[in-house]
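A.B. asks: I would like the entire structure built from these sequences, with the hints used as guidance.
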Amino acid sequence: MENIKKKNFYIYLGLSLFIFLAIAPWILTHELSSFLLRSFNAYLAIVISFIAGSLWWRDNLKKDIHLEAIVISMLAFAGVLIFEFSQGIAIILQIILINFLLRFELKVIGEDENILSYIETRKLATYIITILCVIQLAYLFNPYVN
Amino acid sequence: MNKNTITWIGKWTFILAAAGSAVGLGNIWGFPYKAGTNGGGAFVLIYLGCILMIGLPIMMAEIIIGRRARKSPVNAMKNGAIESGASPKWQIVGWGGLLSGILILSFYSVLAGICLNYIGISAGANSAMSSVEEFSRATASATNLLFWHTVFISLNIFIIAYGVISGIERVINFMMPVLFILIIIMVLNAMINGDFLRGLSFMFAPDFSQVTPATFLSAMGQAFFSLSLGMGSIMCYGSYMPDDENIFKTSLTVAGLDTLIAIMAGLAIFPIIFAYGLDAASGPNLVFVSMLSAFSDMPFGNLLGPVFFILLSIAALSSSISLLEPSVAYFDEEKIVSRPVAAISLGFIAWLLGIGSLLSFNLWSDKTFIAGFDFLGSMDFITNQLLMPLGGMFVAIFAGWFLSTKIVVEELSEGQEKVFNIWKFFIKFVSPVLVAAVFINQLIPFFQNL
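Just so you know, the protein sequences line up as chains A and B, in that order.
Letter 87 of the first sequence, counting from 1, is numbered 87 in the working numbering, and no numbers are missing.
Letter 426 of the second sequence, counting from 1, is numbered 426 in the working numbering, and no numbers are missing.
You may find that some hints are simply not true.
Claimed, not checked - The list that follows gives simulated cross-link-like pairs (lysine-lysine, DSBU-like), each with its CA atoms no further than 30 Å apart: (1) A:K123 - A:K7; (2) B:K428 - A:K7; (3) B:K418 - B:K249; (4) B:K249 - A:K5; (5) A:K123 - A:K107; (6) B:K89 - B:K367; (7) A:K5 - A:K123; (8) B:K406 - B:K418; (9) B:K11 - A:K5; (10) B:K428 - B:K89; (11) B:K367 - B:K249; (12) B:K11 - B:K418; (13) A:K107 - A:K7; (14) B:K418 - A:K6; (15) B:K249 - B:K424; (16) B:K406 - B:K424; (17) A:K107 - A:K5; (18) A:K5 - B:K418; (19) B:K249 - B:K428; (20) B:K406 - B:K428; (21) B:K249 - A:K6; (22) B:K11 - A:K6; (23) B:K11 - B:K367; (24) A:K123 - A:K6; (25) A:K123 - B:K249; (26) B:K11 - A:K7; (27) B:K11 - A:K107; (28) B:K406 - B:K11; (29) B:K11 - B:K424; (30) B:K11 - A:K123.
Derived by calculation from the structure, the hints in this document are not laboratory data.
C.D. replies: Listed below in structure tokens is the structure:
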């Protein structure tokens with residue numbers, strides 16, 4: 001239980017940085033904003049890879065699940081590269097990945113009652129990050145910010 | 001007369017129901033404009049302070065009185081007074097709440113009916129007809145207004161007649177999440193299509209040079225009216241609150257949600273208004289004229305317009321059911337008539353009074369009733385400027401000076417001595433004085449016009 005509480009705390013802590021990076025471009029100067037957008041994307045790639053990577057270490061993983069986790073990590077980092085060519089596509093890719101990762105993680109860890117609060121927090125975090133990604137997309141397409 | 005045994009089933013129902021009651025048309029077209037024209041972030045800060053000093057203590061008082069008695073506001077006030085050794089005449093405050101609820105519902109339903117009508121209007125809006133002409137056309141016909149007013153009142157009657165759990169709780173649990181989703185969609189739309197930076201700066205950039213004593217009064221008024229206090233709604237919903245729910249935390253959450261939605265409404269509306277160079281005036285003109293004009297020029301406006309007006313209609317409906325419920329609950333618990341009959345009869349009275357308000361848009365537009373106002377304005381004057389502030393003030397005076405400490409301590413959760421002491425100070429000395437200031441400030445123009 002203590003462990004779950006700690007895990008949930010780290011999720012919220014990590015989430016606060018996402019919120020800052022998503023909201024700051026609207027408030028700060030445009031020059032700084034492009035750096036913040038890039039940082040948001042890179043940070044998201046790191047988080048996705050970390051979570052997917054942490055699932056590799058589970059002993060009971062089947063080979064195909066192992067492969068899925070690796071593909072998710074690779075795609076997340078591909079998103080960082082794609083960002084340099086098309087920011088919109090990179091963010092859309094990350095939205096798909098973060099939601100796919102949630103389904104994948106739930107499939108791996110199972111909806112065990114003992115970790116119900118962790119699962120709830122994970123779901124909430126994914127939905128919030130999805131909204132934050134859409135906010136990033138909105139920033140890219142808004143005609144009044146440039 | 002037995003206590004009712006009905007309690008909300010869901011853990012979040014009270015919060016959603018009370019937030020639904022608090023979030024209404026006034027928040028959506030009132031708060032953002034007041035914030036923008038009264039110093040932006042400076043106003044928001046003052047407003048939050050006022051929520052803590054006025055809104056929160058009175059809301060807690062209403063919940064304490066309601067939950068203790070588990071009865072409608074009239075009997076809850078009577079019960080609280082008798083249990084505290086005070087005069088049962090305090091039930092007059094409850095009667096005032098019931099009266100306010102019916103009167104507000106009568107004209108609120110007309111405005112909400114226009115929102116319903118605008119779902120269709122915005123879906124077919126185009127540049128051929130200006131939004132001012134659209135608004136004139138929608139309100140010029142008394143029959144048209146009567147139709148939508150009838151639809152809206154019928155929805156209320158239908159929900160209330162079904163009961164607290166099968167009617168109100170079920171509808172609230174569906175409507176409030178939908179409201180959140182729709183408002184998020186509208187904010188995202190404003191982020192993509194609107195001048196979002198200007199909207200942010202309009203609402204949040206603090207400008208302390210614009211802060212005057214009038215700003216404080218405006219913030220105090222907004223904090224009080226925005227939370228549906230002084231009309232028995234929160235007291236009635238509080239009477240259905242389970243015993244194990246923490247009143248302080250719940251009230252804080254409701255006030256927070258109410259503020260959050262009002263801010264999000266501003267973020268959904270003002271960037272669009274600025275992007276299309278429209279008038280940011282407060283009130284019905286903002287949504288029915290300015291926003292419609294923006295939707296008719298916006299990409300996918302015929303889709304986003306209806307979404308916006310569905311959002312307004314849901315906000316209006318979640319508020320209006322809390323206006324009718326206290327009086328229906330009273331009739332039901334006194335066994336005067338059954339719940340469905342009470343809902344139909346009281347809804348009919350509100351419907352009948354609403355005819356006067358809808359005629360204010362057309363046939364009676366030049367007729368004045370009270371203090372030089374038309375019929376709708378007069379109803380608004382009686383309720384918002386007299387009954388509600390008086391109701392809130394007397395609830396605060398009763399809770400601060402007459403309600404027994406034993407009741408309050410028992411109703412607040414264990415280990416809340418600090419909360420009790422702070423609440424007691426504010427409800428006794430601060431809240432009544434500040435509500436009185438709002439009340440007097442609102443009446444000054446009335447006396448000046450005499």
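A.B. asks: Evaluate each hint against the coordinates.
C.D. replies: The hints, checked one at a time:
{"no.": "1", "hint": "A:K123 - A:K7", "verdict": "holds, 13 Å"}
{"no.": "2", "hint": "B:K428 - A:K7", "verdict": "violated, 43 Å"}
{"no.": "3", "hint": "B:K418 - B:K249", "verdict": "holds, 13 Å"}
{"no.": "4", "hint": "B:K249 - A:K5", "verdict": "holds, 21 Å"}
{"no.": "5", "hint": "A:K123 - A:K107", "verdict": "holds, 13 Å"}
{"no.": "6", "hint": "B:K89 - B:K367", "verdict": "violated, 37 Å"}
{"no.": "7", "hint": "A:K5 - A:K123", "verdict": "holds, 15 Å"}
{"no.": "8", "hint": "B:K406 - B:K418", "verdict": "holds, 15 Å"}
{"no.": "9", "hint": "B:K11 - A:K5", "verdict": "holds, 21 Å"}
{"no.": "10", "hint": "B:K428 - B:K89", "verdict": "holds, 20 Å"}
{"no.": "11", "hint": "B:K367 - B:K249", "verdict": "violated, 47 Å"}
{"no.": "12", "hint": "B:K11 - B:K418", "verdict": "holds, 25 Å"}
{"no.": "13", "hint": "A:K107 - A:K7", "verdict": "holds, 19 Å"}
{"no.": "14", "hint": "B:K418 - A:K6", "verdict": "holds, 28 Å"}
{"no.": "15", "hint": "B:K249 - B:K424", "verdict": "holds, 16 Å"}
{"no.": "16", "hint": "B:K406 - B:K424", "verdict": "holds, 12 Å"}
{"no.": "17", "hint": "A:K107 - A:K5", "verdict": "holds, 21 Å"}
{"no.": "18", "hint": "A:K5 - B:K418", "verdict": "holds, 27 Å"}
{"no.": "19", "hint": "B:K249 - B:K428", "verdict": "holds, 20 Å"}
{"no.": "20", "hint": "B:K406 - B:K428", "verdict": "holds, 16 Å"}
{"no.": "21", "hint": "B:K249 - A:K6", "verdict": "holds, 23 Å"}
{"no.": "22", "hint": "B:K11 - A:K6", "verdict": "holds, 25 Å"}
{"no.": "23", "hint": "B:K11 - B:K367", "verdict": "violated, 49 Å"}
{"no.": "24", "hint": "A:K123 - A:K6", "verdict": "holds, 17 Å"}
{"no.": "25", "hint": "A:K123 - B:K249", "verdict": "holds, 24 Å"}
{"no.": "26", "hint": "B:K11 - A:K7", "verdict": "holds, 24 Å"}
{"no.": "27", "hint": "B:K11 - A:K107", "verdict": "holds, 28 Å"}
{"no.": "28", "hint": "B:K406 - B:K11", "verdict": "holds, 26 Å"}
{"no.": "29", "hint": "B:K11 - B:K424", "verdict": "holds, 27 Å"}
{"no.": "30", "hint": "B:K11 - A:K123", "verdict": "holds, 19 Å"}
Going through the hint list in order, the structure does not satisfy hints 2, 6, 11 and 23.
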